[in-house]
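Number of protein chains: 2
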Amino acid sequence: MSLHPTAAHRLVAAMPEALLSRFARQRLLAGFLVSAPRAKPDRILMLREGRIRVFVANEDKELTLAYLAPGELFSTHTGAYLRCESESELLSMPVAEFARTMANEPGMLGLIMPVLGRILDNSIALIEDLAFRDVAGRLARFLLVAARQGNRVPQGVQVTLDLSAGEIAQLLGATRQTVSSLLSRMEREAIISRPGRKQLVILQADVLLRWQEGEAAEAA
Amino acid sequence: MSLHPTAAHRLVAAMPEALLSRFARQRLLAGFLVSAPRAKPDRILMLREGRIRVFVANEDKELTLAYLAPGELFSTHTGAYLRCESESELLSMPVAEFARTMANEPGMLGLIMPVLGRILDNSIALIEDLAFRDVAGRLARFLLVAARQGNRVPQGVQVTLDLSAGEIAQLLGATRQTVSSLLSRMEREAIISRPGRKQLVILQADVLLRWQEGEAAEAA
Numbered sequence: 001m002s003l004h005p006t007a008a009h010r011l012v013a014a015m016p017e018a019l020l021s022r023f024a025r026q027r028l029l030a031g032f033l034v035s036a037p038r039a040k041p042d043r044i045l046m047l048r049e050g051r052i053r054v055f056v057a058n059e060d061k062e063l064t065l066a067y068l069a070p071g072e073l074f075s076t077h078t079g080a081y082l083r084c085e086s087e088s089e090l091l092s093m094p095v096a097e098f099a100r101t102m103a104n105e106p107g108m109l110g111l112i113m114p115v116l117g118r119i120l121d122n123s124i125a126l127i128e129d130l131a132f133r134d135v136a137g138r139l140a141r142f143l144l145v146a147a148r149q150g151n152r153v154p155q156g157v158q159v160t161l162d163l164s165a166g167e168i169a170q171l172l173g174a175t176r177q178t179v180s181s182l183l184s185r186m187e188r189e190a191i192i193s194r195p196g197r198k199q200l201v202i203l204q205a206d207v208l209l210r211w212q213e214g215e216a217a218e219a220a
Numbered sequence: 001m002s003l004h005p006t007a008a009h010r011l012v013a014a015m016p017e018a019l020l021s022r023f024a025r026q027r028l029l030a031g032f033l034v035s036a037p038r039a040k041p042d043r044i045l046m047l048r049e050g051r052i053r054v055f056v057a058n059e060d061k062e063l064t065l066a067y068l069a070p071g072e073l074f075s076t077h078t079g080a081y082l083r084c085e086s087e088s089e090l091l092s093m094p095v096a097e098f099a100r101t102m103a104n105e106p107g108m109l110g111l112i113m114p115v116l117g118r119i120l121d122n123s124i125a126l127i128e129d130l131a132f133r134d135v136a137g138r139l140a141r142f143l144l145v146a147a148r149q150g151n152r153v154p155q156g157v158q159v160t161l162d163l164s165a166g167e168i169a170q171l172l173g174a175t176r177q178t179v180s181s182l183l184s185r186m187e188r189e190a191i192i193s194r195p196g197r198k199q200l201v202i203l204q205a206d207v208l209l210r211w212q213e214g215e216a217a218e219a220a
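As they're listed, the protein sequences go chains A and B.
Note that the numbering used here has the first sequence beginning at 1, numbered continuously upward.
Note that the numbering used here has the second sequence beginning at 1, numbered continuously upward.
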């Protein structure tokens, strides 16, 4: 079992094997649609291995709300789609049974709150993006948030991006083409540099801050 | 103390007075801004009395995510604004202290999950609105959701609306004028009727369903 060590630690600390064994266990292939809006009955899911994307969609477009990592719990009742991004091992239990048997186990709140809080934070940021920002502003915000996990280097802040331009576009409600051309423009204007395929250095965070507030359009 | 009976019951069941007394207690006037984005330190809030609006905003526009009711808990760290809509009594505690002293109290998960889940649901619905629907489609969705709490009458489903056109507009990312004129159009086309100031009857839910999918613009 190749669980992420921190997540595995949280799981083991919070849930004895006797509790884990009450969940149904499934091994799923990449691309499997775990849940669609209005699927019944509502279930609590715990990802043990792999990666799941939480998203909303219509016929034309998909918008990513979050990626779930091993050790994280989620519920199917939110009206979002859940799809395996890679081969995954998933535990699940009907919500009603979870509420009856496990909701008062010590540590359960600490296991559920972080992921629910993170998805809520992402959702609120996405609402602000859609309501208040153009795509350049959204991309600037996205890079500034990523920079918080980055490393300070002489030229600026180095960020590792695990997502493709298409995946970033789905997080921002934009097209892949727009994201790619905005990244090229940022490079041309020396706001960022891209030393490697998944590496990006933010050279001028102050310019990104102004883009976030809507100045990219004016400067274009 | 005029707590909503169900909420008060939940509070009392879940939190003995000894726990409640560890929260700081404030009495706040209508209009008081309880929290703004990036306010520190993060606090857990419990509304005992009154009504709080959770919203995001820029210079031009506000978008409502939810209204908190008595007995509900929330945290200030989400990046949303929190403002008292009426005179309110509020309990609060720093998140770090909450996590240390109360997170493992029995019943705490059941107290926090419903409101967090509801705000997450609202947020996801709002994202779908902003990304996928015109304002007519958003208003149709809003009325169909309200109809779930409505009463069946011979002509259709009667709904009590506690919100003004302006408040509905802020829930949908629209202007008050647009919402008012869409409601008038719905009335003119006998999709709804409005027998009283806060009363609305949905006469043709099937038409609202088609509006929700974007047909209002075509039919206009």
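Where hints are given, some of them may not hold.
[As the list claims (entries may be wrong)] Restraint-style ranges between C-beta atoms, simulated for each label pair:
#1 B:R148 to A:Q199: 36 to 42 Å
#2 A:N151 to B:E85: 26 to 32 Å
#3 A:A18 to B:R185: 39 to 45 Å
#4 B:E62 to A:R148: 41 to 47 Å
#5 B:Q26 to A:R22: 27 to 33 Å
#6 B:N151 to A:A18: 31 to 37 Å
#7 A:R22 to B:K61: 42 to 48 Å
#8 B:V95 to A:L163: 45 to 51 Å
#9 A:P41 to B:V145: 18 to 24 Å
If you are wondering where the hints come from, they were derived from the structure by calculation, not from laboratory data.
The beta-carbon is built from N, C-alpha and C at its ideal position, and this holds for glycine as well.
A quick look at each hint next to the structure:
1. Look at R148 of chain B against Q199 of chain A: about 49 Å separates their beta carbons, and that is not inside 36 to 42 Å.
2. In this structure, N151 of chain A and E85 of chain B break the distance hint of 26 to 32 Å, their C-beta atoms being roughly 44 Å apart.
3. A18 of chain A and R185 of chain B have their C-beta atoms about 59 Å apart, which leaves the hinted 39 to 45 Å range violated.
4. Take E62 of chain B and R148 of chain A: their Cβ atoms lie about 27 Å apart, and the range 41 to 47 Å is violated.
5. A hinted range of 27 to 33 Å for the beta carbons of Q26 of chain B and R22 of chain A is inconsistent with their spacing of about 42 Å.
6. A hinted range of 31 to 37 Å is violated for the C-beta pair N151 of chain B and A18 of chain A, which are about 46 Å apart.
7. Restraint check, R22 of chain A to K61 of chain B: a C-beta distance of roughly 47 Å satisfies the suggested window 42 to 48 Å.
8. Against the hinted window of 45 to 51 Å, the Cβ-Cβ separation of V95 of chain B and L163 of chain A comes to about 29 Å, which falls outside the hint.
9. For the pair P41 of chain A and V145 of chain B, the beta carbons lie near 21 Å from each other, so the given range of 18 to 24 Å is met.
Checked against the numbered hints given earlier, this structure breaks hints 1, 2, 3, 4, 5, 6 and 8; the rest are met.
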